[in-house]
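Student: The chain contents come next:
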Amino acid sequence: MNNWANNKVGCILLQEGRAEPFNKGDRRTHTPLRDKEKCTKCALCYLYCPDAALRLTEDGFFEVDKDYCKGCGICSRECWFGAISMEEGH
Amino acid sequence: MERFAVFVPKLLRRQECFLPESSRSCKGCAEALAVRHVCKGLGSADVLEKGEWMIPWEQSIPDLEGSVRRRYFLPALLRIPKTGGQVLSICFDNEAGTDNRERGKWFWKKHMPAVAVADGIPYVATACPSYPFDLVAKIKEGYSFQGDAYIHLLCPCPVGWGFEPNLSVKMGKLAVESNLFPIYEVVHNRLSLSVETPRPRPVNEYFRTQGRFKDLSDTIVDEIQSMVTQEYAKLKSAVLL
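Line by line, the protein sequences give chains A and B.
Under our numbering, think of the first position of the first sequence as 1, with each following residue one higher.
Under our numbering, think of the first position of the second sequence as 1, with each following residue one higher.
The hints are simulated quantities; they were obtained by calculation from the structure and are not laboratory data.
Partial list, derived from the structure: chain B residues whose beta carbon lies under 7 Å from chain A:
#1 Glu16
#2 Lys27
#3 Gly28
#4 Cys29
#5 Leu33
#6 Pro165
#7 Val169
Pairwise CB distance ranges (calculated):
#8 A:Glu87 to B:Phe133: 28 to 36 Å
#9 A:Lys36 to B:Ala45: 32 to 40 Å
#10 A:Thr40 to B:Pro81: 38 to 46 Å
#11 B:Glu196 to A:Lys36: 32 to 40 Å
#12 B:Lys234 to A:Thr40: 37 to 45 Å
#13 B:Leu193 to A:Asp35: 34 to 42 Å
#14 B:Leu193 to A:Asn6: 45 to 53 Å
#15 A:Thr57 to B:Asn189: 45 to 53 Å
#16 A:Ser85 to B:Thr197: 27 to 35 Å
#17 B:Gly120 to A:Thr29: 47 to 55 Å
#18 A:Asp35 to B:Arg199: 28 to 36 Å
#19 A:Asp65 to B:Arg199: 37 to 45 Å
Examples of chain A residues toward chain B, derived with CB under 7 Å:
#20 Ala43
#21 Leu44
#22 Pro50
The C-beta atom is built at its ideal place from N, Cα and C for all residues, glycine as well.
With the sequences and hints as input, model every part of the structure.
Tutor: Written out as structure tokens, the structure is:
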């Protein structure tokens, strides 16, 4: 998969076409981090994620798919229990 | 799902028709969220493939003075044909095209649901992705309804409206709770409110969190507040406009 970070200055796409070959997650500046002790598995973060980046794992928690997460922070904001914090960095 | 008094997000169908691979949206885009829930409501990808995205449409009409033209924009519209020749139209309104600052004067955006009701469409509803269960239920109802249907969605846009991307769900809730965008459904001209707001928030709270309303003076906000209260009282007595 191509990387947005490898692009020339100004993020100019040299080949025409869709953004499909590009990784959606690598322009993220903040990464969600889940505190499994506070999480009640209510799935509210899954409900409000605009990029459908949260996937259900076998133990019942919703894990962030880092290929698709753009780091908007809606999950952290909407979590009732404060279980998701946004960490700076990729 | 209908058996439970409380909505349980885990029981929503988990299959995604919305493809994040081809999504080029900005971060925190509520329109992408709306599209995702519309796909969940419609059920399968086959239904969506029959749908047709319309190009935003612009209409210019001369003002009373003749010289100045006012423009009305239609935001992105998704038309999905149903069995029997009827159409389900879904409007994704991010309030971007409403050129409502002409000549330093403010005017209201076009009330599209009222236009649809006046046009004789039997099922008209408004919804917001901040209330996903309501949205999914309305999409399902609109798709299975006998006759044409029109659904108007308010999609907050962090870039256009000027707020932090993590506030976009909150912004939709503020718009509904301050009665600026009441959520209702009109079936055969019978109006019923989906979300009741017994103690509405002041509209100021909604306006002051957005960059696009920076130059809105307090007198105009008071004017808007009285207008909104008036409009909501009308909706309460089941009269649209």
